[in-house]
Amino acid sequence: MQNIQIVIFTESFIINRGLQLIFNKLRGINVLVASDDWHDIETIINTNELDLILVSNYQFEHDISANTFYKTNKTMRWALVQTNKKELNKLYNFEFNLKLQDKEETILKILSNFIEHDKNNTITSSSESTLSKREKDILKEVALGLTNHEIAEKLFISQHTVIAHRKKITSKLGIKTISGLTVYALLNELIEMGDVDQLK
Amino acid sequence: MAAINITMIINSNTKMAEVIIQNHHLLSLINRFGIELGFGEQSVSEVCNFYNIPTNFFLEIVNAFNDPDFFPKKNLDAFPLELIIDYLFKAHKYYLKVKVPEIKKLITDLARQSNKNTQKAILLIQTFFEEYAQQLKLHIKNEEEVIYPYILELEKIYTSKNQEVIKAFKEKYNFTIEEYARNHESIEEKLYDIKSLIIKYIKPKDNYIICFKILGQLAHLEDDINDHSDMENKVLIPRVKAMEKAINKY
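These protein sequences, in sequence, are chains U and L.
Straight run, no breaks: the first sequence in the numbering used here ends on number 562.
Straight run, no breaks: the second sequence in the numbering used here ends on number 255.
These aren't lab readings, by the way, just hints derived from the structure by calculation.
Quick reminder that beta carbons are idealized off the backbone N, C-alpha and C, glycines included.
A few of these clues could be false.
A partial selection of chain U residues facing chain L, derived with a Cβ cut-off under 10 Å [to be verified]:
hint: 1; residue: Asn410
hint: 2; residue: Ile537
hint: 3; residue: Gly542
hint: 4; residue: Thr544
hint: 5; residue: Val545
hint: 6; residue: Asn550
Turn these sequences into a full structure, and let the hints steer you where they fit.
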């Protein structure tokens, strides 16, 4: 289950906490920190894989470090929360736009929409959680302890494809580790006890 | 991260009993500080003084534990890393000497009582947990024998400005905290997997009570280890990075 990792950066403690509370209601998104201090955000950027920064228009304009980061780092995605009436330059690119007077259901709708259409989103509902034939093949090899490279060679596919399949498998099963996948494969009789050396 | 819970902020005048009553998970925490139950009506600072624990440090840790959104960075900076590391040592001991054996015993009980249908699943989970415990032990061993000594020595020398000392230090430890920070996640993931495998694939008709106990203990250990990693990721690592930066000028 790959959550979208976000940080919230506005000038107000009340707004930060409030947004965090609303965001926490949704599956698929995870608030790493909500702060009025860019240093906190920076710490997260340096130690985590961050997907999105939700920034207020005030901070975006007034915090030089944040603004510089926007201009120099082209891969980070941003969203905006409008905390005052001042319009930002239209050239800036935001994934979504929240306003302080938005109702809770409006905010939840915007967010759900964003999560659903996110390109990195691998969250699946239970209806899509059975593995395909190909995914089972890959899972077998993973459970037997093969590396991505070895699996790619064995099944005549690219490593990139192997990784994509593995992401899908992890998200469908909600199992993140190789040992966990091995137990799953054994329980579901995709592989035999004798095949595995990892789990003795 | 859990939804925001309304947690009481604990201060030096709060009664120690109240601290535990409002969140019983803090029992393991006070145990780590060597504090025993039976403190009557004494306040946090009174108990801390009795046990010779810096009250401010205790409050930071206990509040960080109590409130999942607590971001201790700013205040914990004030404490020597020695104090934090000593706390982390105690937590390690608790995981290896108390928590892991407890869960192992419960899983063994479950395996003993299981019928044919669930036996295979339980055995697999048992092996998985053994593997996890082994990994945790190695991880902790590495922290205690390599990482923490590195940090403690770095803390002593980073202000020295003595080129010889710094050079000798760099030669002795040929790594940076960055490398350690990178592979710090997988341990938590294993625990998560064990928990969800039990929930999804064990049907404990006759022994659901043991199963509940195991899940409860796993969740407890998971929470505790998460807080522990928070302490390392939010407090320890940023400060070590700053110190590394300071000596890299030489």
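Going through the hints against the structure:
1. Asn410: This interface hint holds because 9 Å falls under the 10 Å limit.
2. Ile537: holds, 5 Å
3. Gly542: holds, 3 Å
4. Thr544: Holds, because the Cβ-Cβ distance from threonine 544 of chain U to chain L comes to roughly 8 Å (cut-off 10 Å).
5. Val545: Because about 5 Å separates valine 545 of chain U from the closest Cβ in chain L, which is inside the 10 Å limit, the hint holds.
6. Asn550: holds, 9 Å
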